[in-house]
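Residue numbers (our numbering), protein chains in the order written: chain A, 1 to 209; chain B, 210 to 678.
Hints listed in this document are in silico derivations from the structure and should not be mistaken for laboratory results. Treat the hints with care, as some may be off.
[Unchecked claim] Only pairs whose alpha carbons sit at most 16 Å apart, straight line, appear in this in silico EDC-like list of lysine to aspartate or glutamate:
#  : chain 1 : residue 1 : chain 2 : residue 2
1  : A       : 158       : A       : 170
2  : B       : 262       : B       : 303
3  : A       : 169       : B       : 232
4  : B       : 257       : B       : 302
5  : B       : 262       : A       : 186
6  : B       : 462       : A       : 205
7  : B       : 262       : B       : 299
8  : B       : 375       : B       : 487
9  : B       : 220       : A       : 196
10 : A       : 169       : A       : 135
11 : B       : 577       : B       : 608
12 : B       : 220       : B       : 481
[Stated by the list, open to error] In silico contact screen, one side only, chain A against chain B (beta carbon under 10 Å); selected entries:
#  : residue
13 : 15
14 : 41
15 : 45
16 : 110
[Unchecked claim] A few chain B residues facing chain A, derived, Cβ under 10 Å:
#  : residue
17 : 248
18 : 296
19 : 435
20 : 484
21 : 504
22 : 601
23 : 603
24 : 645
All values derive from a computational prediction rather than experimental measurement. Heads up, the beta-carbon is just placed ideally off N, CA and C, and yes, glycines get one too.
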Amino acid sequence: MEKFTTLRTAAAPLLQENIDTDTIIPMAKMVGVSVRGSLGQWCLAPLRYLPDGSENPAFVLNRAPYRGAQILLTGPNFGCGSSRETAVWALEEIGIRCVIGSSFGDIFFNNCFQNGVLPVVVDREVVNELAAEVEARQGAATIGVDLEGGVITAPSGKTHPFTVQENRKEALLLGLDEIGQTLRHDAAISAFQARDRLARPWIYEAGEA
Amino acid sequence: MRSQGRTLFAKLWDSHVVADLGDGTALLHIDRHFLHDLGGSQGLKDIKARGMKPRSPELTFAVPDHTMSTARGRAGTTPAGVSLLQALREETEEAGVRLFDVGTPGQGIVHVVGPELGITLPGCVVVCGDSHTCTQGGVGALAFGIGSTELAHVLATQTLVQRRPKTMRVRFEGAMPVGVAPKDLILHLIGTNGAAGGTGYAIEYAGSTIRAMGVEGRLTICNLSIELGAKMGFVAPDDTTFAYVQGRMLAPKGAAFERAVAAWRELSSDADAEFDREVVINTADVAPQVTWGTSPEQVAAFDAPIPDPADIEDAGKRATVEAALDYMGLRAGDTMAGTRVDWVFIGSCTNSRISDLRDAAAVARGRKVAGHVRAWVVPGSEGVKRAAEEEGLDRVFTEAGFEWREPGCSMCVASNGEIVPPGMRAVSTSNRNFVGRQGPRARTHLASPAMAAAAAIAGMIADARKMGA
């Protein structure tokens, strides 16, 4: 997994509420045997393109200063709905490394950590303030994110603290793979199953116990 | 000092902790892992590429549902669907994972067959690479959707790293009004609490309405937990649950069943348990619901006026409602009742079980689908299909002009090529009215099976209670 340490980049405000993962990557563009690598062009397609397939000039990521943004400032419940991890892959493929919002879909939130994308939860007022600062500069401004220090630096220099669970933070900082981490608990898993098999045999012998 | 009572959630969670990882995070044992055609074979390939095999293949079950055509003979399965089914067959065979293949009695939508086959049991921790895994909480399991990296993690380790959610109890109290379905209750809850109302919570559904409800209705309620933002929703198992589980294909039998029931009786929240949040709904206040927008929270009684964006103060919220009405082709102040519809879809892990089909058939019986409407009934599983045919429900539907199809996810998620055509308006018993969910530019109204059947017959959104519901 790619490490995440610090980032300083343009940030695109996308403050609409409840942007679901079907909108982040439509189903028709993700069905197949190996789709990873081909998802970026369809990321946020219903917002990014007009019905005739051309770019929607009004959409934030189609406007010059925001086009290369690596940070999205998101409305509440961003990434709600479907569990599709392709939503994170699609964002990653257009260069997004960090999403800053007041809440995220629970499954999407976990999926971000699995892919080196940092989801930052801050109060809605902070998101709106960051967006207002960016927009006041017509997008020609950068936001800094320091994971280890737990600090967002606004274009004005104002700082906002945030927290990330310790184990998730460590994994992102070092680029650790979760399966590798869990295998350190291999003996505990075996012991759990041995104990549990006696207590709940019906779990392990479906239809036979 | 007396110790504080425990919630059902705490009992389910704590009994599955393999290791405490600190900072509110735990390594949880996974009792049941379901794979489907969309991502199942890839997960097995991912761990194979790392030189690993599934740690507990006997706790893993596979079923194709997302990309299979639901036409007779599975005609028209897309090339992607054909490849994904082939890959699922090959990878499960090699890994020693049990597959319920197309055309066999166990096939169907994964969240319908899990409880139906007795694979998902009370007290289980259940995962699947699908957000509607929460459906299976209806039998008293802690069930939730996961992403594809988590899926590979479960295959490799039979565990998952999870952050402990907060707890919420939603109590529905009182008798169900005539013609009101479990779907209406949960849509009403989402409408009044918002699509993010449950984000970060595990939800226990309780109260006298839930106690009096059958297991299938509870599965419907739990199904839409994710539409409230909660990835887990469940109902404490009771005698209704135990009677439902008894005798199912993979449920424990005889003395083992009795022993399991004794353990399952412990699975309820203690009387003095405290929740981070409590919500009480007076069931008598709930009328048949229909969504008007592009989020499940944009819902109201079918005969209520559609909200006017001009009345909304917050600019962001106003823009969201304007965009939704524009997409849906609706006008503020109109009611949904009387809105002409083109398609009706009865199916999905929300509403495709036998009780749902009976509700829809009660409206369809002896009537005809309006000439301009195309209406599908897609049973949730091979088991539901056969049971419905035994009762003659298939004939009720076909004589009324509905198409009776093979089990699968079909138009709910449109990943098998079955879509509502662009610009068309559908009433669906599924769970998501998102932009493009049922196909590019498709307009979806979510409703109960009876309300969907009524819309098919009337050719417009109509009151099912006046048609036998």
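Now for the hints, and whether the structure bears them out:
1. Only pairs whose Cα atoms come within 16 Å are accepted, and residue 158/A paired with residue 170/A is rejected, the gap being roughly 26 Å.
2. Only pairs whose Cα atoms come within 16 Å are accepted, and residue 262/B paired with residue 303/B is accepted, the gap being roughly 9 Å.
3. For the hint pairing residue 169/A with residue 232/B, the CA-to-CA distance comes to about 11 Å; that is within 16 Å, so the pair holds.
4. Between residue 257/B and residue 302/B the alpha-carbon distance is near 13 Å, which keeps this suggested pair within the 16 Å criterion.
5. Between residue 262/B and residue 186/A the alpha-carbon distance is near 14 Å, which keeps this suggested pair within the 16 Å criterion.
6. Simply put, residue 462/B and residue 205/A have alpha-carbon atoms about 11 Å apart, close enough for the 16 Å limit, and the pair holds.
7. This hinted pair checks out: residue 262/B and residue 299/B have alpha carbons roughly 14 Å apart, not beyond 16 Å.
8. A threshold of 16 Å between alpha carbons decides the hint, and for residue 375/B with residue 487/B the separation of about 11 Å falls inside it, so the pair holds.
9. For a cut-off of 16 Å, the pair hint linking residue 220/B to residue 196/A stands: about 15 Å separates their Cα positions.
10. For the hint linking residue 169/A to residue 135/A, the alpha-carbon distance of about 30 Å lies beyond 16 Å, and the restraint is violated.
11. Restraint check: the Cα-Cα separation between residue 577/B and residue 608/B comes to about 8 Å, which is no more than 16 Å; the hinted pair holds.
12. A C-alpha spacing of about 14 Å is found between residue 220/B and residue 481/B, which places the hinted pair at or below 16 Å, so the restraint holds.
13. For residue 15/A, the suggested interface contact is upheld, since its CB lies about 6 Å from the closest CB of chain B, less than 10 Å.
14. Residue-level restraint check for residue 41/A is violated (minimum Cβ-Cβ distance to chain B is 16 Å; threshold 10 Å).
15. Look at residue 45/A: its Cβ gets to within about 8 Å of chain B, closer than 10 Å, so that hint holds up.
16. Below 10 Å, beta-carbon pairs count as interface contacts, and residue 110/A has one with chain B at about 6 Å; its hint therefore holds.
17. The interface hint given for residue 248/B is met, as the beta carbon of that residue sits about 8 Å from the closest beta carbon of chain A, less than 10 Å.
18. Hint status for residue 296/B: holds, given a least beta-carbon distance of 6 Å to chain A, under 10 Å.
19. Checking residue 435/B against chain A by beta carbon gives a least distance of about 7 Å; that is within 10 Å, so the hint holds.
20. For residue 484/B, the shortest C-beta to C-beta distance to chain A is roughly 18 Å, which exceeds 10 Å, and the interface hint is violated.
21. Because the beta carbon of residue 504/B sits about 5 Å from the nearest beta carbon in chain A, less than 10 Å, this interface hint is met.
22. The beta carbon of residue 601/B comes no nearer than 31 Å to any beta carbon in chain A, farther than 10 Å, and the hint placing it at the interface is violated.
23. For residue 603/B, the shortest C-beta to C-beta distance to chain A is roughly 28 Å, which exceeds 10 Å, and the interface hint is violated.
24. A distance limit of 10 Å between C-beta atoms decides the matter here; for residue 645/B the minimum to chain A is near 5 Å, and the interface restraint holds.
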